[in-house]
Amino acid sequence: MPQQLLEYRCPACGASLQFDSGSQQVVCPYCDSSFSPQDLIDYDSFLKEDAKNETSDPWSKDAERWEKDEATGLNVYTCAACGGEVLGDDTLASARCPFCDNTVIMKRQFTGEWKPDLVLPFKLDKKAAQDAFRKHLHGKKLLPNAFRSESCIEEIKGMYVPFWLFSSDVSASMRFKGNTSRAWTDGKYDYVETSNYALLRAATARFNRIPVDGSEKMNDALMDSLEPFNFNEAVDFQTAYLSGYFSDRYDVEADVSVERAKNRFTNTMQSRLSATTGGFNSVAMESTTVSERNNTREYALLPVWLLHVKWNGKLYTFAMNGQTGKLVGNLPLDRGRLWKFRFLYGGILAGILAGLCLLGHFLGCGGGCL
Amino acid sequence: MKRLLSVLLIALLLIFPVLTAQAEDGQYVYVDPDILTAEELENVNTRAAEIAESRGVGVYYFYYSDVEDLPSYIMEFAEAHVVEENALVFGFNANYRYALQIGPIAEAALNDDAVDGPIMDAYRSVTGDPERKLLAFLNAADDLLGAYYETHGGANASGEADTEAVPGYIALTDGGKPTLVDREHLLSSSEAEALSKRLAEIGSEYKCDVVIVTVPSLDGKTSEAYADDYFDYNGYGYGAKPNGEGTTINGDGVLLLISMEDRDFAISTSGYAIKAFTDYGIQTYLEDLFLPYLSNNDFSGGFNAFADGCESLLKTAREGIPYDYRRVFVEGWTDQRLLPFNDRAESVANRYGIGIYYLESSALTDADAFGDTFIRSRLLEGNAIVLVKGPNGHSMQAVGSAAYAKFTTEKLVAIRDAVDPYLNAGDTNGALTVYLDMCSEIISDYGHVLVGNALTDTQRRSANEQLRALYAEHGIALYFLYDETAQDPEALAKSFLDSGTVLEANAAVLGANASGSAVAVRGDLASYKFSNRRIAKLTKEVDPYLQANNIAGAFDAFTARGETVLNWRPVNWLTLAIASIAGLFIGFIPANALKRQLTSVGAQTSAEAYMEPASFAMTQNANVLLGTRTSRTVHVVQQSSSGGGRSGGGGSSFHGGSSTHHSSSGGTHGGHSGKF
Numbered sequence: 001m002p003q004q005l006l007e008y009r010c011p012a013c014g015a016s017l018q019f020d021s022g023s024q025q026v027v028c029p030y031c032d033s034s035f036s037p038q039d040l041i042d043y044d045s046f047l048k049e050d051a052k053n054e055t056s057d058p059w060s061k062d063a064e065r066w067e068k069d070e071a072t073g074l075n076v077y078t079c080a081a082c083g084g085e086v087l088g089d090d091t092l093a094s095a096r097c098p099f100c101d102n103t104v105i106m107k108r109q110f111t112g113e114w115k116p117d118l119v120l121p122f123k124l125d126k127k128a129a130q131d132a133f134r135k136h137l138h139g140k141k142l143l144p145n146a147f148r149s150e151s152c153i154e155e156i157k158g159m160y161v162p163f164w165l166f167s168s169d170v171s172a173s174m175r176f177k178g179n180t181s182r183a184w185t186d187g188k189y190d191y192v193e194t195s196n197y198a199l200l201r202a203a204t205a206r207f208n209r210i211p212v213d214g215s216e217k218m219n220d221a222l223m224d225s226l227e228p229f230n231f232n233e234a235v236d237f238q239t240a241y242l243s244g245y246f247s248d249r250y251d252v253e254a255d256v257s258v259e260r261a262k263n264r265f266t267n268t269m270q271s272r273l274s275a276t277t278g279g280f281n282s283v284a285m286e287s288t289t290v291s292e293r294n295n296t297r298e299y300a301l302l303p304v305w306l307l308h309v310k311w312n313g314k315l316y317t318f319a320m321n322g323q324t325g326k327l328v329g330n331l332p333l334d335r336g337r338l339w340k341f342r343f344l345y346g347g348i349l350a351g352i353l354a355g356l357c358l359l360g361h362f363l364g365c366g367g368g369c370l
Numbered sequence: 001m002k003r004l005l006s007v008l009l010i011a012l013l014l015i016f017p018v019l020t021a022q023a024e025d026g027q028y029v030y031v032d033p034d035i036l037t038a039e040e041l042e043n044v045n046t047r048a049a050e051i052a053e054s055r056g057v058g059v060y061y062f063y064y065s066d067v068e069d070l071p072s073y074i075m076e077f078a079e080a081h082v083v084e085e086n087a088l089v090f091g092f093n094a095n096y097r098y099a100l101q102i103g104p105i106a107e108a109a110l111n112d113d114a115v116d117g118p119i120m121d122a123y124r125s126v127t128g129d130p131e132r133k134l135l136a137f138l139n140a141a142d143d144l145l146g147a148y149y150e151t152h153g154g155a156n157a158s159g160e161a162d163t164e165a166v167p168g169y170i171a172l173t174d175g176g177k178p179t180l181v182d183r184e185h186l187l188s189s190s191e192a193e194a195l196s197k198r199l200a201e202i203g204s205e206y207k208c209d210v211v212i213v214t215v216p217s218l219d220g221k222t223s224e225a226y227a228d229d230y231f232d233y234n235g236y237g238y239g240a241k242p243n244g245e246g247t248t249i250n251g252d253g254v255l256l257l258i259s260m261e262d263r264d265f266a267i268s269t270s271g272y273a274i275k276a277f278t279d280y281g282i283q284t285y286l287e288d289l290f291l292p293y294l295s296n297n298d299f300s301g302g303f304n305a306f307a308d309g310c311e312s313l314l315k316t317a318r319e320g321i322p323y324d325y326r327r328v329f330v331e332g333w334t335d336q337r338l339l340p341f342n343d344r345a346e347s348v349a350n351r352y353g354i355g356i357y358y359l360e361s362s363a364l365t366d367a368d369a370f371g372d373t374f375i376r377s378r379l380l381e382g383n384a385i386v387l388v389k390g391p392n393g394h395s396m397q398a399v400g401s402a403a404y405a406k407f408t409t410e411k412l413v414a415i416r417d418a419v420d421p422y423l424n425a426g427d428t429n430g431a432l433t434v435y436l437d438m439c440s441e442i443i444s445d446y447g448h449v450l451v452g453n454a455l456t457d458t459q460r461r462s463a464n465e466q467l468r469a470l471y472a473e474h475g476i477a478l479y480f481l482y483d484e485t486a487q488d489p490e491a492l493a494k495s496f497l498d499s500g501t502v503l504e505a506n507a508a509v510l511g512a513n514a515s516g517s518a519v520a521v522r523g524d525l526a527s528y529k530f531s532n533r534r535i536a537k538l539t540k541e542v543d544p545y546l547q548a549n550n551i552a553g554a555f556d557a558f559t560a561r562g563e564t565v566l567n568w569r570p571v572n573w574l575t576l577a578i579a580s581i582a583g584l585f586i587g588f589i590p591a592n593a594l595k596r597q598l599t600s601v602g603a604q605t606s607a608e609a610y611m612e613p614a615s616f617a618m619t620q621n622a623n624v625l626l627g628t629r630t631s632r633t634v635h636v637v638q639q640s641s642s643g644g645g646r647s648g649g650g651g652s653s654f655h656g657g658s659s660t661h662h663s664s665s666g667g668t669h670g671g672h673s674g675k676f
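Chains U and X, in that order, are what the protein sequence lines are.
FYI, the numbering for the first sequence is 1 to 370, going by the working numbering.
FYI, the numbering for the second sequence is 1 to 676, going by the working numbering.
FYI, nobody ran anything at the bench for these hints, they're computed from the structure.
Mixed in with the good hints, there may be bad ones.
Said to hold, decoys possible - Ranges between beta-carbon positions, derived for each pair:
#1 X:D288 / U:L356: 25 to 31 Å
#2 U:K340 / X:S606: 31 to 37 Å
#3 X:S606 / U:N196: 26 to 32 Å
#4 X:E612 / U:D89: 46 to 52 Å
#5 X:H635 / U:A284: 26 to 32 Å
#6 X:T456 / U:L356: 26 to 32 Å
#7 X:I581 / U:D89: 54 to 60 Å
Stated by the list, open to error - Here are the simulated EDC-like cross-link-like pairs (lysine to aspartate or glutamate), alpha carbons at most 20 Å apart as the crow flies:
#8 U:K262 / X:E319
#9 U:K107 / U:D125
#10 X:K221 / X:D112
#11 X:K197 / X:D32
#12 U:K107 / U:D251
#13 X:K133 / X:D288
#14 U:K262 / X:E612
#15 U:K115 / U:D42
#16 X:K595 / U:D334
The beta carbon of each residue, even a glycine, is placed where N, CA and C say it ideally should be.
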């Protein structure tokens with residue numbers, strides 16, 4: 001089956017449309033028309049009726065030839081605007097055509113089991129991401145100066161990252177072993193009485209939409225760090241939201257991802273239950289049983305600005321939550337500066353303490369104050 | 001007729017045991033009437049007399065069925081009848097028998113084992129005939145004595161076994177007993193002769209036997225009991241009646257016993273010697289004198305030192321005041337009455353190092369002379385005020401530089417004026433109270449400032465207060481000495497520091513004369529603060545005042561500069577270094593926090609944020625008791641350990657006077673024992 005590249009064209013002037021995160025509308029960059037995503041979908045279905053009569057794509061054979069080569073993980077897509085070829089891996093779901101800069105959306109990636117349940121539209125634009133990055137560098141005293149001046153943002157792209165959202169009613173029961181002791185004496189002997197207890201604790205709780213990164217390419221820790229997302233602003237998936245952004249479909253199955261969610265709520269239940277074992281000495285956990293009911297999972301695309309920064313021959317990846325603007329990413333350390341600051345602060349404190357010593361000495365406590 | 005007489009005699013004996021002391025000699029067997037005929041009685045007495053003749057040991061036997069307290073009666077019996085130095089008294093009443101051994105030979109040869117064994121066996125072997133029973137008893141005793149002399153040598157057939165062992169050159173006590181019994185032959189004959197003469201002379205001079213006895217072993221007794229018994233059963237004691245009354249008690253004498261088996265020694269005192277040889281005198285003076293010699297096996301030296309010590313103690317006692325630790329002694333007062341005064345004097349001495357002495361005795365006819373002797377030999381401190389009261393008047397002296405400086409002539413006159421009315425009225429208690437009050441006040445009032453008459457009393461008092469306050473604050477005592485006649489201020493300060501007046505471990509003494517001053521320092525802390533440089537600065541500030549004869553100014557300069565020196569403290573470099581290093585490491589904490597700023601990526605492990613609000617509900621919260629275990633350990637009580645007692649002194653604390661105990665013969669003895 002040939003790749004169906006979906007692009008939206010301006011009904012007014014025919015230029016490629018883009019989703020504007022500021023107005024939450026789809027806008028045309030050329031004629032300033034704007035449309036709601038729903039209108040566009042209606043318009044699109046109308047166009048599709050027409051397209052049924054068209055002959056099949058003459059490039060489809062080539063496309064099919066590439067498609068057979070899936071072992072390489074590469075696919076070639078055809079830009080509907082200019083006909084240029086777009087190269088991407090088999091999870092690529094939307095991209096930009098390198099020739100005409102139009103948005104191309106691989107419609108197939110959003111059908112059937114790959115159809116996302118939710119999408120959280122971008123609320124912040126590229127400029128906000130750039131500002132956030134600059135701000136991220138601000139106040140980091142141990143950042144090498146050269147990084148600040150020499151680093152360049154090699155690539156900045158808005159991307160819908162596939163996430164699994166797991167919801168569950170969780171029941172956890174735990175058993176601890178603890179003891180209490182009391183001591184007394186009758187004058188002749190000292191007595192210590194130790195009472196051993198089994199502490200049985202169980203609780204239920206509802207967890208909603210624990211997000212787990214469903215993309216192999218994305219660093220799990222990096223994605224975790226972007227939390228929290230506000231899922232109240234999530235909307236039903238419409239391809240229109242993808243215009244102007246890259247997106248992937250998930251390539252980590254829900255069965256695999258769910259383990260990470262389970263770990264997280266298991267940890268939470270354990271710490272909640274452990275907190276109820278006060279009043280005992282040497283509490284030791286003996287067993288934990290966790291079960292879930294009413295499990296639901298949702299497939300969501302979440303907005304992430306990815307920034308690739310090149311400095312000193314190395315690539316640093318930063319990510320910004322496209323909804324909240326939270327930007328994360330590890331920065332390089334200037335070791336020389338670290339020692340400089342250590343000795344600076346250490347020296348100041350040493351000076352203060354030594355000064356207090358001397359002050360104490362002269363006030364008459366003989367330097368023995370400390 | 002004769003039989004009737006003896007029956008009467010025995011009846012008298014029972015009723016008036018003491019009056020029967022003059023019972024006829026040569027009788028050894030006493031029985032209730034009708035048991036033996038007169039002829040049988042004579043036979044057994046003859047046999048007993050034979051044994052006494054040949055073995056030198058009297059063997060006595062009595063059977064009085066109605067004697068109640070046999071052990072007590074046997075003592076009375078022994079006193080009344082026994083004439084030999086060694087004897088066995090074998091007594092029966094209706095129910096019991098009791099044996100009493102007197103003298104070392106009887107104790108060794110006819111000891112309780114021998115009595116219970118061969119003697120009783122022989123006695124029981126004959127039944128029915130009382131005469132034969134008694135003869136069997138006497139023969140058994142004779143056999144045992146024979147066996148004893150065979151194994152121990154000695155005079156087999158001599159009647160005077162003990163004195164026979166004493167060589168002729170040994171001098172005797174006035175009571176005719178050897179002053180030296182050297183069974184262990186620790187001395188050569190010439191040494192023994194000289195020593196025994198010395199002991200006899202001391203004994204005659206002071207009317208108190210001084211005896212030294214060496215024995216191989218104590219025969220299982222304590223050294224104290226052995227010494228007491230030896231003294232009693234060998235008729236020692238000046239004034240005790242010589243031969244003829246058996247044991248002696250309450251004679252005057254002191255006996256030194258040495259047993260080489262476990263190197264035990266004991267000093268036993270009796271009668272007057274108990275008073276003369278106080279516990280304090282024996283344990284702190286006499287024993288210190290001779291025990292070191294004995295420990296080095298120099299017995300001649302040790303015994304002569306003992307003789308010297310005894311002479312000295314007896315002499316002191318005769319002069320009026322026995323050698324005792326007491327600072328306050330009043331003839332005729334009990335220890336309980338003396339104790340509060342002594343305690344007061346002692347607390348003053350402990351605090352200020354100046355002793356207050358008050359000695360009163362009717363024997364002190366020459367109070368001045370006794371005071372001089374006392375001061376030379378008996379003071380416990382280097383500085384003291386001593387008042388000696390005799391029947392002919394009293395004398396008062398201050399001894400030592402510190403006491404001399406404090407007890408100026410005016411002060412002594414003031415004390416005398418205050419005390420005399422009481423003494424003249426015979427109110428010793430009142431005199432003593434006033435004396436102690438005044439002396440304590442004088443001693444405590446002028447602790448740190450000794451300036452003769454250079455300052456008024458008021459000035460001195462306030463100056464003293466200043467220095468005492470400095471001591472309380474800094475723990476270093478400052479002393480200000482001014483003596484315009486002193487040649488060398490440095491020597492003045494040093495001699496004062498060494499005089500025993502300065503009790504504080506850390507002290508700085510400024511000695512000054514009219515031309516300059518010097519400082520002597522004692523103690524690590526004081527030496528540290530009073531460095532040569534700072535001392536030089538101090539004297540430089542004080543000296544101009546001295547040269548201007550402004551003593552008050554000099555004192556003020558001394559106090560001001562002294563306080564600065566006391567306030568000086570060295571910088572504690574170690575603390576400083578520790579503080580700096582600690583500061584450095586603490587400084588790493590904010591720097592490391594800066595480092596953490598660079599890292600913002602981390603995996604999430606909690607789902608707390610995704611828990612639906614208020615959805616957390618506990619469904620089970622139960623504590624199940626699995627079991628209870630109780631362990632028990634012995635309760636340890638925290639005790640603060642206090643220091644041990646005096647070495648060799650058995651942890652004794654002196655309360656003045658002499659402690660006494662009773663020996664087996666009922667005599668009262670004093671003394672002390674130990675090992676060397």
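Which of the numbered hints above does this structure break? 1, 4, 6, 8, 9, 11 and 13
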